[in-house]
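A.B. asks: Start from the sequences and build out the full structure, keeping to the hints where you can.
There are 2 protein chains.
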Amino acid sequence: MQSTKSLVAKHQETLEQACEAVLKRGHWSPYPEVPSGKYYGETANADGKLAFEAVLNQRFELSGPETGADTEGTFIGEECSPYGIELGINYQQHDVDSLISSAGAALAGWRNAGAEVRTAVCLEILERLNRRSFEIGYGTMHTTGQGFAMAFQAAGPHAQDRGLEAVAQAWLAMEQVPSGSVWHKPQGKHEPFVMRKRYHVVPRGISLVIACSTFPTWNTYPGLFASLVTGNPVIIKPHPQAVLPVAITVQTAQQVLQEFGFDPNLVMMAVDSAANPITQKLALHCAIRLIDYTGGNSFADWLTGNAHQARLFIEKAGVNSVLIDSVDQVDRVCQNLAFSLCLYSGQMCTTPQAILIPRDGIDTGNGRISFYQLADAITSAIEKLLSDPDRAAMILGMIPSGTTVARLQQAVNLGRVVLESKCLPHPEFSAVSYRTPLILAVEGEERQQWMQERFGPIAFLVATDGLEQSLSLVEEAISSKGAITLSVYSTDEEVLERAEQVAIERGVALSCNLDSGVYVNQSAAFSDYHATGNNPAANTSLTDMAFVADRFAVVQSRRHEV
Amino acid sequence: MQSTKSLVAKHQETLEQACEAVLKRGHWSPYPEVPSGKYYGETANADGKLAFEAVLNQRFELSGPETGADTEGTFIGEECSPYGIELGINYQQHDVDSLISSAGAALAGWRNAGAEVRTAVCLEILERLNRRSFEIGYGTMHTTGQGFAMAFQAAGPHAQDRGLEAVAQAWLAMEQVPSGSVWHKPQGKHEPFVMRKRYHVVPRGISLVIACSTFPTWNTYPGLFASLVTGNPVIIKPHPQAVLPVAITVQTAQQVLQEFGFDPNLVMMAVDSAANPITQKLALHCAIRLIDYTGGNSFADWLTGNAHQARLFIEKAGVNSVLIDSVDQVDRVCQNLAFSLCLYSGQMCTTPQAILIPRDGIDTGNGRISFYQLADAITSAIEKLLSDPDRAAMILGMIPSGTTVARLQQAVNLGRVVLESKCLPHPEFSAVSYRTPLILAVEGEERQQWMQERFGPIAFLVATDGLEQSLSLVEEAISSKGAITLSVYSTDEEVLERAEQVAIERGVALSCNLDSGVYVNQSAAFSDYHATGNNPAANTSLTDMAFVADRFAVVQSRRHEV
Chain A
1 MQSTKSLVAK HQETLEQACE AVLKRGHWSP YPEVPSGKYY GETANADGKL AFEAVLNQRF
61 ELSGPETGAD TEGTFIGEEC SPYGIELGIN YQQHDVDSLI SSAGAALAGW RNAGAEVRTA
121 VCLEILERLN RRSFEIGYGT MHTTGQGFAM AFQAAGPHAQ DRGLEAVAQA WLAMEQVPSG
181 SVWHKPQGKH EPFVMRKRYH VVPRGISLVI ACSTFPTWNT YPGLFASLVT GNPVIIKPHP
241 QAVLPVAITV QTAQQVLQEF GFDPNLVMMA VDSAANPITQ KLALHCAIRL IDYTGGNSFA
301 DWLTGNAHQA RLFIEKAGVN SVLIDSVDQV DRVCQNLAFS LCLYSGQMCT TPQAILIPRD
361 GIDTGNGRIS FYQLADAITS AIEKLLSDPD RAAMILGMIP SGTTVARLQQ AVNLGRVVLE
421 SKCLPHPEFS AVSYRTPLIL AVEGEERQQW MQERFGPIAF LVATDGLEQS LSLVEEAISS
481 KGAITLSVYS TDEEVLERAE QVAIERGVAL SCNLDSGVYV NQSAAFSDYH ATGNNPAANT
541 SLTDMAFVAD RFAVVQSRRH EV
Chain B
1 MQSTKSLVAK HQETLEQACE AVLKRGHWSP YPEVPSGKYY GETANADGKL AFEAVLNQRF
61 ELSGPETGAD TEGTFIGEEC SPYGIELGIN YQQHDVDSLI SSAGAALAGW RNAGAEVRTA
121 VCLEILERLN RRSFEIGYGT MHTTGQGFAM AFQAAGPHAQ DRGLEAVAQA WLAMEQVPSG
181 SVWHKPQGKH EPFVMRKRYH VVPRGISLVI ACSTFPTWNT YPGLFASLVT GNPVIIKPHP
241 QAVLPVAITV QTAQQVLQEF GFDPNLVMMA VDSAANPITQ KLALHCAIRL IDYTGGNSFA
301 DWLTGNAHQA RLFIEKAGVN SVLIDSVDQV DRVCQNLAFS LCLYSGQMCT TPQAILIPRD
361 GIDTGNGRIS FYQLADAITS AIEKLLSDPD RAAMILGMIP SGTTVARLQQ AVNLGRVVLE
421 SKCLPHPEFS AVSYRTPLIL AVEGEERQQW MQERFGPIAF LVATDGLEQS LSLVEEAISS
481 KGAITLSVYS TDEEVLERAE QVAIERGVAL SCNLDSGVYV NQSAAFSDYH ATGNNPAANT
541 SLTDMAFVAD RFAVVQSRRH EV
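Just so you know, the protein sequences line up as chains A and B, in that order.
So for the first sequence, this note's numbering puts the first residue at 1; every next one is plus one.
So for the second sequence, this note's numbering puts the first residue at 1; every next one is plus one.
The reader is advised that the hints may include incorrect statements.
Any copy, or any two copies together, can satisfy a pair, since identical chains are not distinguished.
Derived DSS-like pairs (lysine-lysine); straight-line CA-CA distance at most 30 Å [what the hints assert, rightly or not]: (1) 24 to 10; (2) 422 to 384; (3) 24 to 5; (4) 49 to 38; (5) 38 to 10; (6) 189 to 24; (7) 384 to 189; (8) 38 to 24; (9) 38 to 185; (10) 185 to 10; (11) 49 to 189; (12) 189 to 38; (13) 185 to 49; (14) 185 to 24; (15) 384 to 185.
What the hints contain is simulated information worked out from the structure, not anything from laboratory work.
C.D. replies: See the structure below:
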């Protein structure tokens with residue numbers, strides 16, 4: 001067994017840098033985001049692909065509750081690659097009570113290890129995950145449908161960044177609690193009262209992390225690592241369509257835990273099927289004290305209405321807006337917007353859905369242009385971006401959900417089509433086709449069309465009476481439907497300030513005049529707060545102090561000093 | 001209008017000391033706990049009494065929502081002094097929508113003032129409250145029934161300590177968020193991306209603090225000040241029997257807010273009557289985003305099941321235990337226990353209810369004594385403590401609630417009475433009588449008798465098979481019914497360690513071998529964490545990071561640096 005003491009020393013500098021990054025909020029990451037042999041080793045890509053292929057059509061073995069000696073357990077799996085290749089991976093199913101009981105049995109040893117050791121173990125897990133980024137990238141690509149480059153980044157280093165950020169934030173919270181104190185209370189002429197006190201950081205209980213189908217690691221690592229580092233055993237319930245990235249994560253965590261003498265069942269995976277879901281039973285178990293959930297509104301509302309024994313960290317649907325008032329260089333703005341709308345076929349919680357444009361046009365650096373001239377510029381930029389099929393397929397990725405495809409097909413009736421969605425043969429995976437975004441024009445008052453989440457590559461150009469109506473519709477969309485992002489374009493500082501006031505009032509992250517290689521979809525760990533908890537899209541932020549501080553309690557003892 | 005800049009400077013040192021105290025957790029307080037002219041001025045007691053008497057049979061004027069020009073509003077009041085003097089104080093009633101609308105209107109100015117100014121204003125409010133400690137003491141005495149000395153301490157300086165602790169903890173959370181950053185991301189051979197980001201600390205919304213009848217300030221100030229300092233307007237809903245201490249608090253806050261140019265309606269009081277309560281309507285309002293509640297289980301459960309739009313901070317019922325394994329000096333232990341059981345007639349959330357003693361007795365520094373010898377020693381210590389009527393009346397105070405008196409009268413059937421509750425004429429207020437505690441002996445298995453909260457001066461000596469059963473019954477009581485405190489007596493270090501393990505597992509604050517002037521009931525701000533959130537008695541702790549961090553959000557904006 002390896003020494004936890006040397007592990008603490010090994011990760012000390014990374015922890016210090018991560019804490020500084022959390023507090024300073026500049027750019028920082030220990031995990032290279034470029035899928036290059038330069039950072040990951042010349043054979044990393046090939047090795048990762050091989051590792052991915054090696055698990056296909058196999059049982060993926062993980063530690064879990066003991067099954068009876070004479071049963072080998074039930075293995076299930078229903079993942080389909082959106083790229084058409086056969087996956088055929090099976091995972092062992094466990095019943096809820098066994099999972100809870102195994103997690104409960106693992107708790108004490110992990111709690112008693114203390115914050116410093118737990119933090120070092122979590123950093124080691126993240127480092128090992130980083131080494132598996134290519135494998136995770138391929139696993140994510142073939143479950144979520146993301147293009148490989150994005151799958152690598154978002155599910156690999158960017159997710160690891162978010163995990164590390166949660167660990168650092170939790171460390172900052174835990175290290176505020178001293179291990180003890182001497183309470184020395186003067187009593188006038190009498191002897192003072194002197195008490196020696198001890199303070200123990202203890203977990204809340206067992207943590208349930210419910211992963212989504214589109215970002216099974218990026219949206220999961222914050223809750224996983226925030227709960228784990230504060231002492232809570234974690235059960236991850238993946239979406240039945242996106243299990244593999246979670247399974248690789250759990251396997252990596254279990255290996256590290258076991259190497260350092262801890263119960264691997266501190267991190268377990270609970271698989272289920274679309275036909276026989278177990279999430280509700282898990283979520284209502286009295287031992288589950290923390291639940292992280294990313295997904296649709298109806299299950300989010302069910303959790304809120306029923307899982308009263310648990311503290312809920314929820315991210316659900318929203319309607320993200322772009323408000324265009326005036327721009328300097330139309331082309332640059334449209335290129336930026338085109339990429340934001342196309343990336344992963346609009347299946348990001350940060351993707352804009354509504355672009356509000358004054359009906360009578362906008363001022364630009366080259367004079368005034370009409371609503372439809374701007375619409376043309378946006379659609380042309382999209383067409384140009386997608387003109388090369390290889391690039392198009394890489395940026396757009398695939399749509400894994402039939403529901404999303406059906407929504408896209410029906411959406412043509414929601415407004416005037418300014419850009420049709422096309423279904424095009426995939427240049428690499430010939431069995432499947434990818435789809436380009438649908439862009440519709442609607443009036444601002446047509447709220448029932450654009451002011452509700454239309455998940456997928458569906459965006460609206462919303463014609464408004466002008467700045468005042470644009471601002472007020474944006475406010476209404478955020479406060480009634482929620483939003484993670486707001487983007488504004490204006491050459492007028494006063495308009496930018498007004499947008500900032502809207503952002504403050506409605507609790508949304510604002511991006512101003514993005515017109516180069518930074519996109520509104522992107523949220524960088526250590527610098528950007530993802531969601532605020534102040535509008536219906538989420539009740540929490542990744543990752544602030546509130547996201548971590550309620551995952552542990554402090555238990556104290558006191559006695560007279562003699 | 002006074003300058004907020006000088007106010008920040010004025011309180012800088014106190015804030016720094018408070019933050020250091022929160023992090024070091026030794027003894028510290030800027031508010032003298034002794035009701036002495038030496039600290040508060042020679043005439044402070046007389047002045048405070050006069051100030052209290054001056055509000056009797058009057059309308060207590062506070063700022064609130066505008067009433068129509070031609071209506072003077074409805075004034076109500078139903079407080080009765082448990083000491084029999086007439087109070088006759090009336091407070092203006094407001095409807096829920098007006099309160100919410102006024103609070104909402106006050107929000108922006110307070111939010112925009114920033115964390116530093118809000119913190120200084122809160123410290124000024126606390127300082128002014130401290131100057132009114134005698135008045136608050138008399139107001140608390142004549143609503144809660146506490147003896148004056150306790151009312152002064154608990155509702156005055158000790159409550160102020162808890163408020164200051166919340167301010168300091170919230171300051172530590174807010175100051176972690178920088179006002180801005182420069183995000184400088186290298187792009188290989190290309191120019192780096194440079195973005196300038198701004199971070200705004202913004203409140204969650206409007207905060208509702210629901211006060212209880214027994215500790216209207218001590219249990220209220222943490223939530224009030226944690227919410228206020230993080231930018232949330234606060235509406236306090238006092239218990240109809242204990243309005244005055246809340247009203248004095250609100251008046252003081254409003255005066256300070258107004259002096260420094262803020263809307264006094266940032267802190268408002270919502271009065272109701274037992275017959276026409278408004279708490280449910282308030283609690284369900286969509287603008288209420290934070291609710292602090294101290295009180296009974298049924299309303300706590302209603303809040304949890306219904307007020308889903310709000311983050312709840314709840315303290316409810318519990319069964320606190322004392323486990324006696326062995327003691328050195330029986331007399332000292334019994335004196336300590338006697339005081340704990342008598343103080344404010346057992347109406348503290350920290351008062352022990354069950355004292356678990358091995359049926360076959362315990363070892364002491366003077367040899368073994370039987371269960372009944374120990375019972376006799378405890379009851380004798382209580383009788384001796386209460387032998388002087390003046391002292392007895394001061395320690396016991398009065399029971400303000402008829403329900404509690406009725407519970408006490410019926411409780412004689414719950415076990416073998418080892419000490420009868422007596423009803424004795426009050427030495428100072430001749431119209432009323434005070435009551436002494438009822439002590440009953442029961443068997444450990446008689447859970448239905450002792451293992452549920454019997455609020456009031458009712459305690460059980462619980463006979464167990466020995467240490468093992470005592471420990472297991474204590475664990476069961478904490479995990480099934482909740483507890484804020486656990487007290488253990490043992491001369492064996494191993495037993496103390498086992499009790500500490502129980503405390504860690506079940507999430508309760510442990511006191512070991514208290515046998516002098518520190519009582520298990522007492523929880524000192526800056527040093528003791530009050531409740532843990534890890535058992536049914538509370539979902540939060542006063543005051544840790546989790547108590548404050550979720551009361552604000554961070555909203556960011558970003559733009560390219562040009």
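A.B. asks: Now look at each hint and say whether the structure bears it out.
C.D. replies: Structure-based check of each hint:
1. 24 to 10: Intra 23 Å, inter 28 Å, cutoff 30 Å: intra and inter.
2. 422 to 384: within (14 Å within a copy, 91 Å between copies)
3. 24 to 5: Classified as both; 28 Å inside a copy, 26 Å across copies.
4. 49 to 38: within (17 Å within a copy, 79 Å between copies)
5. 38 to 10: Within one copy only: 23 Å inside a chain, 56 Å across chains, cut-off 30 Å.
6. 189 to 24: Close across copies (25 Å), not inside one copy (49 Å); limit 30 Å.
7. 384 to 189: between (85 Å within a copy, 25 Å between copies)
8. 38 to 24: Classified as within: same-chain Cα gap 28 Å, cross-chain 47 Å, threshold 30 Å.
9. 38 to 185: Intra 61 Å, inter 18 Å, cutoff 30 Å: inter-copy only.
10. 185 to 10: The answer is between: 26 Å across copies meets 30 Å, while 41 Å in one copy does not.
11. 49 to 189: So residue 49 and residue 189 pass the 30 Å test across copies only (29 Å; inside, 77 Å).
12. 189 to 38: Between copies, since 15 Å is at most 30 Å while 72 Å is not.
13. 185 to 49: between (65 Å within a copy, 29 Å between copies)
14. 185 to 24: Between copies only: 14 Å across, 38 Å inside.
15. 384 to 185: Classified as between: cross-chain Cα gap 27 Å, same-chain 74 Å, threshold 30 Å.
Taken one by one, the earlier hints all hold for this structure without exception.
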